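Peer 1: So you can see what is in the structure, the chains are spelled out below.
Number of protein chains: 2
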Amino acid sequence: MAAPPTIAVFDSGFGGLTVLRELLPLIPGARYLYLGDTARLPYGAKSQTTIARYALSSAAFLLAEGAQMLVVACNTASALALDELQAALPIPVIGVIEPGTQAAAASASRSNSASASVLVLATAATVTSKAYARSCAARGLHAFEKACPLLVPLVEEGWINHPVTAEVVRIYLTEALEVAPDARTLVLGCTHYPLLKPILERTLADLDHPMYIVDSASAAARAASSLVPRISTNEPVSCRFFATDSIEKFSRLGAKFLGRPVDPVTLVDLGE
Amino acid sequence: MAAPPTIAVFDSGFGGLTVLRELLPLIPGARYLYLGDTARLPYGAKSQTTIARYALSSAAFLLAEGAQMLVVACNTASALALDELQAALPIPVIGVIEPGTQAAAASASRSNSASASVLVLATAATVTSKAYARSCAARGLHAFEKACPLLVPLVEEGWINHPVTAEVVRIYLTEALEVAPDARTLVLGCTHYPLLKPILERTLADLDHPMYIVDSASAAARAASSLVPRISTNEPVSCRFFATDSIEKFSRLGAKFLGRPVDPVTLVDLGE
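Taken in order, these protein sequences are the chains called A and B. Be aware that the first sequence starts at 241, since it is given in the working numbering, and climbs by one per residue. Be aware that the second sequence starts at 241, since it is given in the working numbering, and climbs by one per residue.
Treat the hints as calculated values from the structure; they're not laboratory data. Hints are all accurate, no fakes.
Copies of the same chain look alike in the list, so a pair counts if it works inside one copy or between any two.
Pairs of lysine-lysine, DSSO-like flavour, derived with a Cα cap of 30 Å:
{"id": "1", "residue 1": "386", "residue 2": "496"}
{"id": "2", "residue 1": "386", "residue 2": "489"}
{"id": "3", "residue 1": "437", "residue 2": "370"}
As the structure is a prediction and not an experimental result, all values here were calculated from the model.
Looking at chain A on its own, in the form it has when it is part of the complex (with noise of 0.2 Å):
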C-alpha cells in the first residue's frame, strides 16, 4: 500500500478551509497542511511581483513541512502567481481558476442554452485581474464578471443566514443579469462564496432565473483528488494548520469554512 501523501492548501487567509473541506472526503487517507498567509493578507491590492513573492516563500514554508502536493486555494494568488509557483516547485501545484473553469464549461455544453456565457462572482481583485476571463475565452465561454466586495465582509462578520445577506445578494444577482441575462452557469470565483451557496440557490429561484452553480474549490478538490492514487486506510485525517497572524480570528472563523474544529493553529513569521 502506498504511504498517504501530504497535501498542502494555502490561501491568504482562511478562506481556502472551504477547499480543504471538499478535499477530506475525496483523499481521506492523505495528511494536510494547511496555510493561511493572515499578516500579509489581502493579496489583492498587491502587485503581481509582491503577490508571485508572498506565494513562494509560503509554498517553500510548505515544502519544508513535507508536503507533496500544493492546492493554491486563493483565487488572486493563482492568477498571479501559479506559473511561478510552478515553474519553481518540484511537486504537483494545482490553482482554483482552472478547474472551476473547467467545470464551467462542462456545465455549458450540458445546458441547452444557446449562449456559451457564465457569470462569475469574485472579488475586485480578481475581476481585475480578469483571470477567469481569460481562462474562460480559451474554451470558448464568455465570462460576464461581476465584482462583489461586500461578500467577503458579511462572510466575515458570520452572517451567513442573514436578512441582509440575502438583499445584498439580491442586489448584486439583479445587477449581473441585467448584464448577463444568458448566462445559466453562475461560477464562485472566491472562497468564501461556498458558504453563501444556500442563499445564492434561493435568491437564484425567487429571481425566476435558475443556474448551475460551480463552486472553484470543490472543482480545484477534485482536480487534486485525480493526481492522486485511492488510499484504504482506516487512520483518522491528519490536519496541521498554519497562520502568520491572528491565530484565534484564524481557528474561530476558520472553523465555520472546514466545518470542523481548526485546532490548534501555529503561528509562523514568513517575514514580509
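Following the hints, position chain B against chain A.
Peer 2: Relative to chain A, chain B alone:
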C-alpha cells in the same frame, strides 16, 4: 504676514481625506500634503512594530516634502504609533483619538446624563487596541466600544445612502445600545464613518435614542487649527496627493471623502 504653513495628513488609505476636508475651511491659507499608504493597508491586522515602521517611513516622506505639521488621520496608527512619531519628528504631530475623546468629554459634561459613558463605533482593529477606552478612562469616561466591520466596506462600495447600510447601522446601534443604554455621546472612531453621519442620525432618531455625535476627523482638524496662527490669504487652496498603490481607486473614492476632486495623485514607493 507669516508664510502659509505646510500641513501633512497621513492615513493608511483615503479615509483620512475626511480630516483634510475639515481642515480646508479651518486653515484656508495652508499648503496641504496628503499621503495614503494604500500599498500597505489595512494597518489593522499588523503588529505594533510594523505599524510604527510604516508610519515613520510615511512621515519621513512627508517631512522631505516640506511638512511643518503632521495630522495622523488613521485610528490604528494614532493608537499604536503616535508616541514614536512624536518622539522621532521635529514637527507637531496630532492624532485622531485624543481630540475625539476630548470632544466626547466636553459633550458628556454638557449633557444632563447621570452616566459618563460614551459609545465608540470603530473598526475591529481599533476596538482591539482599546485606545479609545484608555483615552476615555483617563478623562473619567467609560467607553463602550462597538466593532462595526461592515461599515468600511459599505462606504467603499459607495452605499452611503442605501437601505442595506441603514439596516446594518440599525443592527449595530441596537446591539450597542443594549450594552450601553445610558450613552448619550457617540464617537465616530474611524475616518470612513463621517460619511455615514446622516444615516446614523436618522437611525438614532428612529430608535428614539438621540445622541450627540462626535466626529474624530472634525475634532482632529480643530486641534490642528488651534496650533496654527490665522492667516488671511486670497491664494487658492494648494493640495498635493500621494498614494503608495491603487491610484485610480484612491482618486475615484477619495473624491467622496474630500467632497472635491482628488487629482492628480502621485504614486510613491515607500518599500515594504
